[in-house]
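Chains as they are written, first to last, in numbering that gives the first Met the number 0: chain A, 0 to 267; chain B, 0 to 256.
A couple of the hints might just be wrong.
[As the list claims (entries may be wrong)] Quick list of simulated restraints, FRET-style, between CB atoms:
| no. | chain 1 | residue 1 | chain 2 | residue 2 | range |
| --- | --- | --- | --- | --- | --- |
| 1 | A | F130 | B | S16 | 24 to 34 Å |
| 2 | A | F130 | B | Y124 | 48 to 58 Å |
| 3 | B | T198 | A | V121 | 27 to 37 Å |
| 4 | B | T50 | A | N126 | 34 to 44 Å |
| 5 | A | K83 | B | T198 | 50 to 60 Å |
| 6 | B | A102 | A | K83 | 52 to 62 Å |
| 7 | A | I122 | B | Y124 | 56 to 66 Å |
| 8 | B | A29 | A | V121 | 54 to 64 Å |
| 9 | A | S262 | B | L106 | 26 to 36 Å |
| 10 | B | A29 | A | L258 | 43 to 53 Å |
| 11 | A | Q219 | B | V84 | 49 to 59 Å |
| 12 | A | S262 | B | E218 | 54 to 64 Å |
| 13 | B | A102 | A | N126 | 43 to 53 Å |
If you are wondering where the hints come from, they were derived from the structure by calculation, not from laboratory data. Using N, Cα and C, we set each Cβ at its ideal position, and we do this for glycine too.
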Amino acid sequence: MGLFDRKKSRSYPKRGKGTRMTLKEFEQRYSDYYHTYGKDGSSQMSNELLYDQQPLGPVTFAENPEPRCPCLLLLDTSGSMAGKPITELNAGLRSFYEELQGDSLAVKRVEVALLSFGPVRVISEFNTADFFLDPTLEAEGDTPLGEAILAGIDLIRKRKDEYRANGISFYRPWIFLITDGSPTDEWQRAAAMVREGESAKSFAFFAVGVQNADMSVLSQISVRQPLKLQGLKFREFFQWLSNSMKSASRSNPGDRILLSPPSGWSEI
Amino acid sequence: MTWKHLSLSVTGSSHSSRNEPGQDYCRAGALRFSDRDYFVGLAADGAGSTTHGGIGAGIACEALYTLILDAIRSGGALPAGQDSVTVKAWIDACREAIAARSAADGLPLREYACTLIGVVATDGYLLCFQVGDGCIVTGDGTGYRAVFWPEQGEYANTTFFITDEAFPDHIKTEYGTTAPAEIALFTDGIQNLVLSFATRTVHEGFFKPLFAALKKNPENGIADLSRHLRALLLSDDVNARSDDDKTLVLAVNPDLP
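Same shape as in the complex, but just chain A (with noise of 0.2 Å):
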């Protein structure tokens, strides 16, 4: 991005009724300025003395990635998802991109990946909000909830492997299981994980339930207490979603993330 380059206008000054001087004559007559600044390529200094006669002439950026803040979306898909709930969820998910693609920074910094369960599929690995496929997920199978999240986490620490190897920094990862029923799969070892995760700050786990969701198992599965939605208000959902993934790539060091209440699209 060249934005920072070149800030100040490159008009010549006005200089009254004489004629433009050539840079021969402009070197001439300032090269006390040329010697200092010339020399090194930066001639844009020398000018803008020149011209402007500021004393702070026109500096260049470091270029660096945005930091990242990414979201791993854990999408049951099994086939008691069918009707009303696949199609409000994938309304809602259309709606959280929309959210994030509107916002200058977060369609920078916010990296979504998708992955969804009944059977284990990577929909999309991290990709910022502009890269959305709009997958149109499908309801079938049964729901490898153990399964889908131990790929998960595997997705994410690949994914800061390659942030930690292209010096891009990013956010503490979050992890959103939503679920409408209860595993089919051993999800012991997952839930050891996200406890293991949770404990090394490696990522936070929040698990949404829907509708006849096993409530009692994704509170043994998430350290921080899971919600239920109400009915199946997946776009409220989304949209809370979204603000709080955006107020999150805002944050600066120090700063703490604080969720606003998921009021809105949970029960409690």
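Since chain A is already given, all that's left is putting chain B on it; use the hints.
Okay, now just chain B, sitting in the frame of chain A:
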């Protein structure tokens, strides 16, 4: 010839848009003692999650400035070699000063959390120390060097503070027998604009014109330079890339190579 320096802290739009005060603080000075010219530069960044981080930053810098001046005046008390005991003692004293204030206010010490970076330089001597993020950059005419790469926590919004219980683990100290001709200190609000994290290098295009201007400007021209620098750091374009508070301390010694 003595050190020429300028220092400024500006409030980032994340605070100013909410009418909150900035939480950065800096203190810099040049002094002559026993025929030697010293530069002392300090900067601190109060934690954004605290109510009184900015006050902690102010107390830390002022207390430390006094301590360092005392050390210079008493002669020979500046740490050398691998000796980081003095730096630890200085920061301990800063914490005590902050703790006194927190006790008076009836608030926990962590509400005054701040980072701290400092430089003491004189001919044949350079001491740099740091807790948390922000950075010290030195230039010797051939290039620029980040003395310590900013220490971030695991995540972009975490770092270490002098008020942390484990602060001794995060004190970084470097001593050298050559003072660089150019020194800059800055807080994390600037670091993403002037350091290239992918290559872990200092962005020359920022420091070169600034040091050159400071060197070039006569003593009475530094006010102008400060004003322009302040305007630059408060500009919308800069705030769009970093809405945090920003502190920059610059010093040059035209006599040094």
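Status of the hints after comparison with the structure:
| no. | hint | in the structure |
| --- | --- | --- |
| 1 | A:F130 - B:S16: 24 to 34 Å | holds (30 Å) |
| 2 | A:F130 - B:Y124: 48 to 58 Å | holds (53 Å) |
| 3 | B:T198 - A:V121: 27 to 37 Å | holds (31 Å) |
| 4 | B:T50 - A:N126: 34 to 44 Å | holds (38 Å) |
| 5 | A:K83 - B:T198: 50 to 60 Å | holds (52 Å) |
| 6 | B:A102 - A:K83: 52 to 62 Å | holds (60 Å) |
| 7 | A:I122 - B:Y124: 56 to 66 Å | holds (60 Å) |
| 8 | B:A29 - A:V121: 54 to 64 Å | holds (59 Å) |
| 9 | A:S262 - B:L106: 26 to 36 Å | holds (30 Å) |
| 10 | B:A29 - A:L258: 43 to 53 Å | holds (48 Å) |
| 11 | A:Q219 - B:V84: 49 to 59 Å | holds (50 Å) |
| 12 | A:S262 - B:E218: 54 to 64 Å | holds (59 Å) |
| 13 | B:A102 - A:N126: 43 to 53 Å | holds (50 Å) |
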